Amino acid sequence: MSQATLRVQKISGHAGSVPGQDTQREYTVCKLIDTTTCIGCKACEVACMEWNDLPFGETVFDNTYQTMPETRWNYWNLILFNEHERDDGSLMWLMRKNQCMHCGEPGCLAACPADGAIIQYTNGIVDFQQANCIGCGYCITGCPFDIPKMNPKTHRVFKCTLCTDRVSEGLEPACIKSCPTGCLHFGIKDDMKELAESRAKQLRDYSNFPNAGVYDPPGVGGTGVIYVLHDATQPELYGGLPKNPHVPWSVKLWKGPLKWFGNVAMIGGLIGLFVHYLRYGPKAREEEDLATGPRGGRT
Amino acid sequence: MSRQEQILPHGQVLRYTLRERITHWAAGVTYLYLLGTGLAFWSPWLFWLAVALGGTQVSRTLHPWAGLIFFGSVWYMYVMWAPQMTHTDDDRRWWKALKYYSTNQDDKMPPAGRYNAGQKFLFWGFFWANLLLFLSGIFLWAPQYFAWHSLVAMRISVLVHAAAALFTIGLFMIHLYMGLFAERGAFGSVIRGDVSIAFAKRYHPAWYKEIAGEAASPRK
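Line by line, the protein sequences are chains Y and W.
Here my numbering is used: the first residue of the first sequence is 1, the next is one more, and so on.
Here my numbering is used: the first residue of the second sequence is 1, the next is one more, and so on.
Just chain Y, same shape as in the assembly:
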């Protein structure tokens, strides 16, 4: 995807420093999704397909207002539909636009072994560089939201780019542009946070949603996509949005202690064997073997 004027602050599988780190004034972009005003019209799904020029695939009808069970490599933006019965017996249709959350600390990027296959721009957008992707699928194991999907033919992984190409030119992402109810907003993270909080307060004070709140999970370093939820204490209701997402412990263990232990053991082993040889040498000198007669080729 286009890098345009964006600078890079994190690179997957990369040894050494990162060119764009600390080169820009601090600001991150953010998409605000107000689930309380989403009507599930799917305009954002279509706009995503259109702008990113993704090939069409078959949809799956399962008697709900959901286009398919989960996002695909060529379907990055999916509104999840859930029916929810409240304690007072009233029914709610919960619509949540699901896509990459653009984590502050992306698990996909941490798990990726390929240099430059996943990058994070200084504005916070996490973007896959398919040219550098080797198709191992490790990013899939690193994502707490189950977002990256592999193209089974090309073995490259795809996901929402937050319309990097549009954002770098000062435009808002295609999904934002298409939303008819104004439940999608785009801007600087601080502004979006403020807007989201004021909307949540409105819901608490005037709309009988005492648990209304903002979803911006700290476990993944905050996200570049935040939600206003009617009930922020139960994010799972919205198509399994994890309550406290974090980089999976397996990725942390593998990229942390196991890597350290492995590296120390491998380097220590090499040094140990070398010193052992210097101290004790071979078990027997070659001459002792050779003394017993010449060798010949054997079958």
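Derived SDA-like pairs (lysine to any residue); straight-line CA-CA distance at most 20 Å: (1) Lys149/Y / Ala147/W; (2) Lys149/Y / His149/W; (3) Lys10/Y / Pro44/W.
Bear in mind the hints are in silico, worked out from the structure with no lab data behind them.
Quantities reported herein were computed from a predicted structural model and do not represent experimental measurements.
Given chain Y's structure and the hints, the job is docking chain W onto it.
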């Protein structure tokens, strides 16, 4: 192969048959490739290995295929050697005397057969690690073909694959050290198949006694 045929002219003894040597090198060559590409995926500081070995995507594509050959080779070793790799009382005494072995006082070691206890440990270590690497590897290769595939299973497989590989790297370093440096004549034995009688007597006295004893006895 009968015992008699293992006694060769010019004071040499046949240690590895052609079949054993080919199997060893099928595993050896594929292991080196798997090690290089695997280390590239292990650490960003070694990612250049994947570039040097033909490209990053090529490494990802060929790593599982090389893994299949490695798995098959080690499995065939199991078929050939498992009966010779059983743990004996001498092996227990061998482990107790490890400090003499590691300080080159081989005369103080209990007599080893065709394989000493350390070699048996290497064999079983590779055998079990090979199984873990195969199971986790085949799953990570194409998880969509497994009905029970899940993110949790993938995460565990990544960990198991890395941990088992690390274990084999430890075994491999010692194997290389013994074969290339510590025991002069060992490397030649797995290329040409033969060792000198001095080598056989020094490192595998029980094995030499067995073949020399039978060779000396009249043909039946």
